[in-house]
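Reassemble the complex: the two chains are provided individually, in unrelated frames, and hints are given to aid placement.
Residue strings, one per chain:
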Amino acid sequence: TQLLEQSPQFLSIQEGENLTVYCNSSSVFSSLQWYRQEPGEGPVLLVTVVTGGEVKKLKRLTFQFGDARKDSSLHITAAQPGDTGLYLCAGVGTSGTYKYIFGTGTRLKVLA
Amino acid sequence: DTGVSQDPRHKITKRGQNVTFRCDPISEHNRLYWYRQTLGQGPEFLTYFQNEAQLEKSRLLSDRFSAERPKGSFSTLEIQRTEQGDSAMYLCASSPRESNQPQHFGDGTRLSIL
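Protein chains in written order, with the numbering used here: chain W, 13 to 124; chain H, 45 to 158.
If we strip away everything but chain H, and leave its shape as in the complex, we get (with noise of 0.2 Å):
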């Protein structure tokens, strides 16, 4: 078990162009998360994932952002459309099935918007 993997690291993109981001969550986990951070901030919830199904979105999550998660492993973010105000560093976690059982974060992906 190598926790959560997320790819790449860091992305840094011009301003109107696209971006994917990667998360591989802990094996046996069927939780996933996807949250947002800016500096000193904490997390802001995105949205979440019980197996393959899309539970809950954040009205954070504009039109511009979608969320998959096909075979409920992995799942990927996408922006379109990236505007300045996107650059955050974009984080990933899982948890299992279990209530009450705490989440497990990934590194994150910091974007940058030029």
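Chain W extracted, bound-state conformation (with noise of 0.2 Å):
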């Protein structure tokens, strides 16, 4: 069974602060997504890896997708308020099954 950890779980930093999340397995995905989610609201995709060692920028967002893709991290640069959501990261495999794998997610609070 394809598993994903996200790590940390929850994260509560000022604005201002550079942050971390990590997105861990022991299987390798094909490609992983990151998407950020709302409450009361669907995930939205921020970025999708493909390629071993890819990294990949979204403004303050980083993106990188490690060498073997059994895992991927995301880092957020002088972080703000509008950064404040529940992180997911999401992989498929590479048995030829198009079925998504979801993340614990990293609830995020960035205080003004």
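These are computed hints drawn from the structure, not numbers from a lab. Only true hints are included.
Taking lysine-lysine pairs in the DSS-like style, the calculated list, with each CA pair at most 30 Å apart, reads:
1. K121(W) to K71(W)
2. K82(W) to K121(W)
3. K111(W) to K68(W)
4. K121(W) to K55(H)
5. K101(H) to K55(H)
6. K82(W) to K69(W)
7. K101(H) to K58(H)
8. K111(W) to K55(H)
9. K121(W) to K69(W)
10. K101(H) to K111(W)
11. K55(H) to K115(H)
12. K115(H) to K111(W)
13. K68(W) to K121(W)
14. K82(W) to K101(H)
Label pairs and their computed distance ranges (CB to CB):
15. Q124(H) to S24(W): 39 to 45 Å
16. S156(H) to R119(W): 18 to 24 Å
17. K111(W) to Q128(H): 26 to 32 Å
18. N62(H) to K71(W): 43 to 49 Å
19. G28(W) to N62(H): 49 to 55 Å
20. V56(W) to E88(H): 17 to 23 Å
Values in this document were obtained by computation on a predicted structure and should not be read as measured data. The C-beta atom is built at its ideal place from N, Cα and C for all residues, glycine as well.
Put into structure tokens, the structure is as follows:
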């Protein structure tokens, strides 16, 4: 069974601080997505990473896919209150199925 | 393209009643997924369709749950004889045929069982 573990589960930081969220698995994924979800809404796609070692930037957010495609990280620089939300990683396996496995989630709160 | 649409947004019902939710995916997407999400957790996979074919079902999907996508477009998720443990957000997502293309989610149906 493929599992994705995220850490930390909860993070409360002051505006302007930097943070990193990790998404780890013992399984290889063909691609991995990061989403942000606000209360009462569906997850919104932030990025997809496909190639091992790939780094993508989205303004103050930097996403990295591990070389072995088993893990990923999300780094936020100079966090702002608008970054508050539930961050989710989701991976697609390599076995030919198109089933997505979601991580346990990281709840981020950025205080003004 | 208005994105993935789910109806209703909220459903409150008494234990033992049947409920049905609808999902309209992005029009050119041939894969459609159902998830269940409880407060503070990540979405749990329930089932997915490629066109009208239901290709995989989670063991979370008990006999009381059934999903259909009769014409390969919209999908319905029915829960029979609801139980309090069914209270959750039910999310639908769709993705295109091409591999490594991400899912896009609707805003979900929040089910509350009294």
